[in-house]
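Protein chains: 2
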Amino acid sequence: MSHWSLLYDEFNPEEQELREALCTLGNGYFATRGAGTEAVADGVHYPGTYLAGGYNRLDTEIAGRVIENEDLVNMPNWLPLTFRLPESDWFSLQEGEILSYRQELDLRRGILLRTIGFRDAQGRETKVEERRLVHMGAMHLAAVEMRLTAENWSGEVEIRSGLDGLVTNEGVDRYKELNSNHLEPLEVEEFGDDTIYLKVCTRQSKLQIAQSARTKVFVDGQLSQRLQSYLKEPGRIFQEFIVDLAMGSEVRIEKVVSFFTSRDNAISECGLESRNAVIRADGFEGLLESHTQAWEHLWRRFDVDFVHSEPAETDRTELILRLYTFHLLQTTSTHTMDLDVGVPSRGWHGEAYRGHIFWDELFIFPLLNLRLPEITRSLLMYRFRRLDRARIAAKNAGYRGAMFPWQSGSNGREESQEVHLNPKSGRWIPDNSQLQRHVNSAIAYNVWHYYQVTGDMEFLSFYGAEMLLEIARFWASIATYNAELDRYEILRVMGPDEYHDRYPDDEEPGLNNNSYTNIMAVWVLNRAFDVLKMLPEERTNELLESIGLDQREIDQWRAIRKKMRLVFHGEGIISQFEGYDKLQEFDWEGYRQKYSDIQRLDRVLEAEDDTPNHYKASKQADVLMLFYLFSSEKLKKFFDQLGYPFEYETIPKNIDYYLKRTSHGSTLSRVVHSWVLARSDRVRSWKLFCEALKSDIEDIQGGTTPEGIHLGAMAGTVDLITRGYTGIEPRDDVLWFNPCLPEKMAKLHVHIRYRGHALEVEVTSDLLKVRALKSREMPIKVGFKKKTHDLEAGSTVELSLSS
Amino acid sequence: MSHWSLLYDEFNPEEQELREALCTLGNGYFATRGAGTEAVADGVHYPGTYLAGGYNRLDTEIAGRVIENEDLVNMPNWLPLTFRLPESDWFSLQEGEILSYRQELDLRRGILLRTIGFRDAQGRETKVEERRLVHMGAMHLAAVEMRLTAENWSGEVEIRSGLDGLVTNEGVDRYKELNSNHLEPLEVEEFGDDTIYLKVCTRQSKLQIAQSARTKVFVDGQLSQRLQSYLKEPGRIFQEFIVDLAMGSEVRIEKVVSFFTSRDNAISECGLESRNAVIRADGFEGLLESHTQAWEHLWRRFDVDFVHSEPAETDRTELILRLYTFHLLQTTSTHTMDLDVGVPSRGWHGEAYRGHIFWDELFIFPLLNLRLPEITRSLLMYRFRRLDRARIAAKNAGYRGAMFPWQSGSNGREESQEVHLNPKSGRWIPDNSQLQRHVNSAIAYNVWHYYQVTGDMEFLSFYGAEMLLEIARFWASIATYNAELDRYEILRVMGPDEYHDRYPDDEEPGLNNNSYTNIMAVWVLNRAFDVLKMLPEERTNELLESIGLDQREIDQWRAIRKKMRLVFHGEGIISQFEGYDKLQEFDWEGYRQKYSDIQRLDRVLEAEDDTPNHYKASKQADVLMLFYLFSSEKLKKFFDQLGYPFEYETIPKNIDYYLKRTSHGSTLSRVVHSWVLARSDRVRSWKLFCEALKSDIEDIQGGTTPEGIHLGAMAGTVDLITRGYTGIEPRDDVLWFNPCLPEKMAKLHVHIRYRGHALEVEVTSDLLKVRALKSREMPIKVGFKKKTHDLEAGSTVELSLSS
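Heads up: the sequence lines are chains A and G, in that order.
Residues 182 to 984 in our numbering are what the first sequence spells out, letter by letter.
Residues 182 to 984 in our numbering are what the second sequence spells out, letter by letter.
Bear in mind the hints are in silico, worked out from the structure with no lab data behind them.
Keep in mind that this is a model prediction, so the values were computed, not measured.
Please note: incorrect hints may appear among the correct ones.
As the list makes no split between identical chains, a pair holds if one copy fits it or if it spans any two.
[Unchecked claim] Once the Cα atoms are required to be at most 30 Å apart in a straight line, the calculated DSS-like pairs of lysine-lysine come out as:
| no. | residue 1 | residue 2 |
| --- | --- | --- |
| 1 | LYS743 | LYS955 |
| 2 | LYS967 | LYS955 |
| 3 | LYS955 | LYS714 |
| 4 | LYS962 | LYS714 |
| 5 | LYS815 | LYS955 |
| 6 | LYS818 | LYS955 |
| 7 | LYS714 | LYS950 |
| 8 | LYS397 | LYS576 |
| 9 | LYS955 | LYS968 |
| 10 | LYS841 | LYS817 |
| 11 | LYS744 | LYS797 |
Looking at chain A on its own, in the form it has when it is part of the complex (with noise of 0.2 Å):
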């Protein structure tokens, strides 16, 4: 393994599925799966792609019914590119034998490279070379390369180059009692000898996908463009080319294929558009070239460097959280600015999840936000956008503001399953992971931190605050007051930890008082009243009035901000959730020793007629976000706002207690177990960390990197590395920093964006160096230790991290 490519020097069928989703090829706009693994001439891929729709959660019931409302639907696979030899079937790597195979994913220039040395049966050995690219800069734009050597033969090759629009949803093994055929044939037609064209429709959401495809064939450098015919049949179109080929010859078919939607920018209609991209697209080479310099681009704003101790451990590291900065900039690029889309916690790689969004940004903005900002502002559009939906979601349930879904989708409303089915068990049972309101204040959070970092004002002004008073008003409206105990409290939902979704033996689900849930809500109120005092006086009286916010409400706000109830137990130990300390404790060992892995506990509990709901066992602890968002300062201040005692040891304290109970059964748990131990200890958290870094490479779920992967996680462990360790906080108009480097890590360098500065800054044990540089921007404040400093652009403040 170099530290850009990701290498698989064997064949090996077994391990595809994985392979395939870490070889994905994307770039935000043309999401386009399984680019890597299968056999150069199966050409089955399928490409997810962000539509308009959602499940409809009734049919995700009901298994077998038609889809009503499209969410994930693959596109049309534009790769079927493929040869065969004389009097032989098309070529696949089942028949014959392999001599040699090389895959590589460069990262670097963001190519997928295949080699492969084939014999087929009748003795016939061919080299076959293949490139393939999604373009980085020409957002429409992919291409693929593929050059057969002659070794020792010579005779007439078929070569087809086509576009299938026949694909299906068939990636999840779980979904395949649903309808899996989307879309819906429109055009298919070919022009001149070397372009056709396939026009497609998604069934209920009517959105128009449009591919060409420029196919052109080269013998040893010269074009030799003979066709032989077209293969027409609705949903799918092939040209077919002859070339002869004499021994140790070389043909090379580059094939360009352009990508346009209905829902497109600048366009007039989508496949008038994509005929004239492939007419207009530079070929192979050109496309290469200007593809990697947009991914170079890239990688200057996000690469990170570090020396570790260990070089081995170093080359690791960086190549894993360069694949992972890799996927997460195909998911979400600045292609997307421009598109109504969000992140989805699987990326666009797979099926599972069906493309919904859920709150996987809150671990992913902070990355976007000190490298691209903009990208952060297009996706809390994307929000803004369906705050209306929230709205009528919140009144429909009883509440003020707005209520953004657990699970969000085309048009913003709620797409979360009623039930889920349990492979294990194969049972279909109840699903209220929508009672998971916390999502609320991820998105408030998300606006916050935004604005933080970037100093948009006009964004906050005209987007952001509306979210985020809606929000807090949404928090007060389903607070309760407790009068006995003179308290507000927030009954019957769902914190983060899935384990729990209702009390033993209550029949009505949800919790009450989860921490994390009170203690945000309270965060989001404190923002509220901050928003209202920074808006220009005008805009908040305007927003005031149109949402119809009086005094009264205000006040009201200001008292729960205050009154919120927290519940504790033992010495100190902040309860999940009220009743927590009356669960009974689990059999860790016990388990461990029955079943191999029992990181989803949920489904093994339930195959046994049990569940998770009995035991004081979390999947992930999510009293403990509390201290991977907040820094242990902000949260005295948070427990002295609500009259509750908070010790320096409360945090080790918390953090010993629910790591002893969690089975890490989300991605995202070991990242933030490993982000609240960092300042304690350094070594089980760089244990953690590395753990956290293999989720997706190894597949340590088992199976679902296949279905797609997990873009929070992957971008949390990068934002590990570059916010967590440098201690970056943009608060009050200053960037503060509180370095704290992992023991065998001698050096960090990471290269961010604040307030439209570029910054460098560098962190070894003993000293930090920002340097700003050069442009026309206002100066800008770095905190450190209480103090700030002022830090001008093309200039540089070092801070001595000893004294």
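Since the structure of chain A is provided, determine the placement of chain G on it from the hints.
Okay, now just chain G, sitting in the frame of chain A:
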């Protein structure tokens, strides 16, 4: 006329078309035409909607051919709402006697009201009262309310409410030979006893458009929903209700309509969303309330307050300024911020110019920048999304960089026709207007000034800088070196004055060294150097790499911006173009006697087999544009940079020279001329301003207003009052003022935004007061007479003008 109402108190069929254009309702998204003057019962409305496309140039040449590319297409009509009395036909103003008639466009609330007293052939008297709104808060909604009072009769009334997709484009006489039928029926359906639904699709661009209508019938306040029948056919659907009306009773019908297209954000399928939207929508009164509030907020930002010594003039001027602001805000509003649209020169009010985008932004953006800069940002994004297309255009024409089209439509290609029809002679004549390359400088100018006002570095960095650099590059590549003169020249283009498109007796179109074009090119090159210095270093490098701009090319820019050629004649007259002095003087007096109106001198002369190309006669004197865009200090700097003399007299001398030689054939010219005289001849300036004010309200170009308002002139007049007379100029991070009120204006008060601040500006003859409203924004600098003053949020700067 009150200050807020455009009032017509008698029915006047002759004025119908003009009234219709002036009373158009819209909200940026839901563009609606003809909401005003026609008979209540006719229900014939042609509301325009922005679409993909732009007429195919060839198609406009060959009359009658199917239009293959749509731009402004009339959207389905949502207004059909009429009634009939027993044994009568459907209500029509043409049959019977109009007893009273009053129509009022209420600008403050954004509603159109009409009250008609009517006596039919049987002597039955009915009062008809109507209110209409297109919601300025909820972008997808519109509503109409009709109340009928049976004054002297009783009986069964039939009410018909419908959605009509069989509309055509027939609003512009001279386009009538072209295909006018752009909509293909898809679906019609009814839901329950109050809701109907229609879906159509544009023929070429395949944009889907869905409307739903919910109609409720009340008799004397009680719901009385007796559905009699549906009338359905492809493309149209109507409901008919029956009501028993007693003498003196009132039936009230409210129809709430929703409108969605397949390009909307945050939707699943547009039909589904439109149906859900009317189900959830408030009733008429509720909608009116929220709609009025949205307008109130807009007026707080946009209304201009001034005291003129003649109260009647104040009132009328105020009303017209409000009417023009109203139409601007109906065309481009907070709703267009999230759409891929530009500002069409004729609004969405009529079909003239087919919704194409020209250079009018130059006159419109200054107004928006200082009030709702987020709108400008989104309109600049319309250009950015078409940057690639502009690059292709430049390349195809043999240039580098980006060449934006003179007429821009859906996908950014050149939409200008190659011939146009002279209605005076009936001849098709070549149209070289696309040689107006100066539109590129307007785009660069707008990018720069948006940044100056907002300080939005992220926009400049991601979008603006690239446009500016590519336009600079275009100018550098179109400029040719004249070795003899050691000067650069721009040959064979057209300036804004469309009367001159070639030299007399020259086959090839275009003119050499148009002064406006050449100076603007230099201005763009200057700004390109600024931008390269301002951006964060790394972004500059990224940009240079990605557009492939190297030092050699930049060095060439440096040379051009010092050696661009300007041509002069007489004593310091800047020649409109090289060779202008050789043209004949035009017989203004003779022609003014011969023709009553010579504003469109081009058509007059063409009909006489002559052409303005022979004469010193301009549609608009484009040299004067320089004094409109730049202060004399700035121009002096330019001339110094180029090595040409510039004296104090240059400006008045040129104004005097060209004003004598212009026919005001463009609605923009009076705005420009009034502006340039504002400081030297206040009386004449005010006179020209008053004429400019009339351009649309009196349709001074004779028949062009009904085909669509003139948005540049509308915005320009408002901007003249607010920016021209205050002398506001955001430059080098300072907000400069240079007030100069018209003689009879005692006081001017405007409300502007600058760098996140909301500022109240008050000017009298001797005092300038600038107050910054409370907020948390950083202090700004206010400049007056070469001195700058710090202004903090919450404080005021007062400056004496007399000292």
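Exercise. Mind listing which of the numbered hints don't hold for this structure, in increasing order?
Key: Every hint satisfied by this model.
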